[in-house]
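Novice: Single-letter residue listing:
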Amino acid sequence: MRDASARRNRMPRRDPATRLWLVGLMAIAAGLAGCAPPAPLRAEQAWLRTAEPGGVTAGYLMLVNDSAAPVELIGVTSDVANEIQMHETVREGAEVSMRRVERLEVAAHSRLEFRPGGNHLMLMGVRRHLAAGNNAELTLQFADGRRIAALAKVRE
Amino acid sequence: MNRGRAARVSGRASLAAPVLLGLALSLLPSCQSRQKYQGWALDPVVTAPDLSLAGAGGSRLSLAHPDRPVTLVTFGYTNCPDVCPATLSGWRRIKTRLGGEAARVRFLFVSVDWRNDRPEAAAGFARRFDPGFEGAVADSAQLTRLLPAFRAAARYDTLPGSTQSVTHTDYSYLVDAAGRIRLSYEFASEPAKLEHDIRALLHERPAAAR
Chain A
1 MRDASARRNR
11 MPRRDPATRL
21 WLVGLMAIAA
31 GLAGCAPPAP
41 LRAEQAWLRT
51 AEPGGVTAGY
61 LMLVNDSAAP
71 VELIGVTSDV
81 ANEIQMHETV
91 REGAEVSMRR
101 VERLEVAAHS
111 RLEFRPGGNH
121 LMLMGVRRHL
131 AAGNNAELTL
141 QFADGRRIAA
151 LAKVRE
Chain B
157 MNRGRAARVS
167 GRASLAAPVL
177 LGLALSLLPS
187 CQSRQKYQGW
197 ALDPVVTAPD
207 LSLAGAGGSR
217 LSLAHPDRPV
227 TLVTFGYTNC
237 PDVCPATLSG
247 WRRIKTRLGG
257 EAARVRFLFV
267 SVDWRNDRPE
277 AAAGFARRFD
287 PGFEGAVADS
297 AQLTRLLPAF
307 RAAARYDTLP
317 GSTQSVTHTD
327 YSYLVDAAGR
337 IRLSYEFASE
347 PAKLEHDIRA
357 LLHERPAAAR
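Protein chains in written order, with my numbering: chain A, 1 to 156; chain B, 157 to 366.
By construction, these hints were calculated from the structure, which means they are not laboratory data. Given the structure is predicted, the values throughout are model-derived calculations rather than measurements. Glycine residues also receive a C-beta, built at the ideal position from the N, C-alpha and C atoms. Certain hints may be false.
Going by beta-carbon spacing under 10 Å, a handful of chain B positions derived as facing chain A [unchecked claim]:
no.: 1; residue: D238
no.: 2; residue: D326
no.: 3; residue: G335
With the hints as constraints, model all of the structure from the sequences given.
Specialist: As structure tokens, then:
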């Protein structure tokens, strides 16, 4: 008891304002420790539209390439679909059709958006019920051999 | 002399200005009435052919419905992963916005992929987005009559590798109880626009469409 009391007494006494500052700085330091800088090549805002098993659906994301070199997306896989193709929606006036694309380049320091009515991932042979709120993992494959994972949220 | 004449003209002009402004303001209501819809008004208004489309369970669906003053129509196919689901997902938001008035509106998805889509598949595709949405398949002969009336198009295209794809118009259309194709909306139109026009059609007097 006496030892503990002695230790407490040895701790420097600080006024309440200083203590508040210290607590604040510690909180910021703890927060920063958990933050890694974003990867230069990454997929953001990935989502899939709801689907029934055996059906088709679409996936969307923003592919960000903050690196100094272009990258080429050559494929996407996931355990929630037998096959995923990359498609672009081709529009001529009010008429639309889909065209499969084998590779999509993202220039250095730029981004490529997959969005409804534009580039999209076509998931064929959906393996399980994809309900709103579910998550699904996508793996994006690049021509240079890199693979990155994207967690896609299932939405209506 | 000239200066005095210029002053008289200027004085007349300043008197005329409020009159002209008043006239312009009096014309405003008529301009607004011409813009009472937010979609593209089909002009001249065409009546959709009275067709009996194949629905689920052997049912037959027509474009207009005597008990529903407004039918929202789009063309697509069930294997369409991107545009058609996005359209029907937008329709669901429209239905939510309409609240109780949605009960007076039909939401009809018409498959143009008569080679591959069964009526059950078309109906199931529509129901995926809302249990109240209806789906039907138009056959080839029906499409040749249906699509020109809507100023729409649909066809099969063969892609390299013999893959077949479906090209189709991705607009949504409002059809009134008399089967007249009244308004059209491009892909991804704001749900608020359609909500506005659906409400306007629900509340219009019978003579308004003429």
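Novice: A separate judgement is required for each hint: does it hold in the structure or not?
Specialist: Now for the hints, and whether the structure bears them out:
A least Cβ separation of about 5 Å between B/D238 and chain A falls short of the 10 Å threshold, and the interface hint therefore holds. Restraint check, B/D326 versus chain A: the minimum CB separation of about 5 Å is within 10 Å; hint holds. A hinted interface residue such as B/G335 counts as satisfied when its beta carbon comes closer than 10 Å to some beta carbon of chain A; here the least separation is about 21 Å, so the hint is violated.
Of the numbered hints listed earlier, the single one contradicted by the structure is hint 3.
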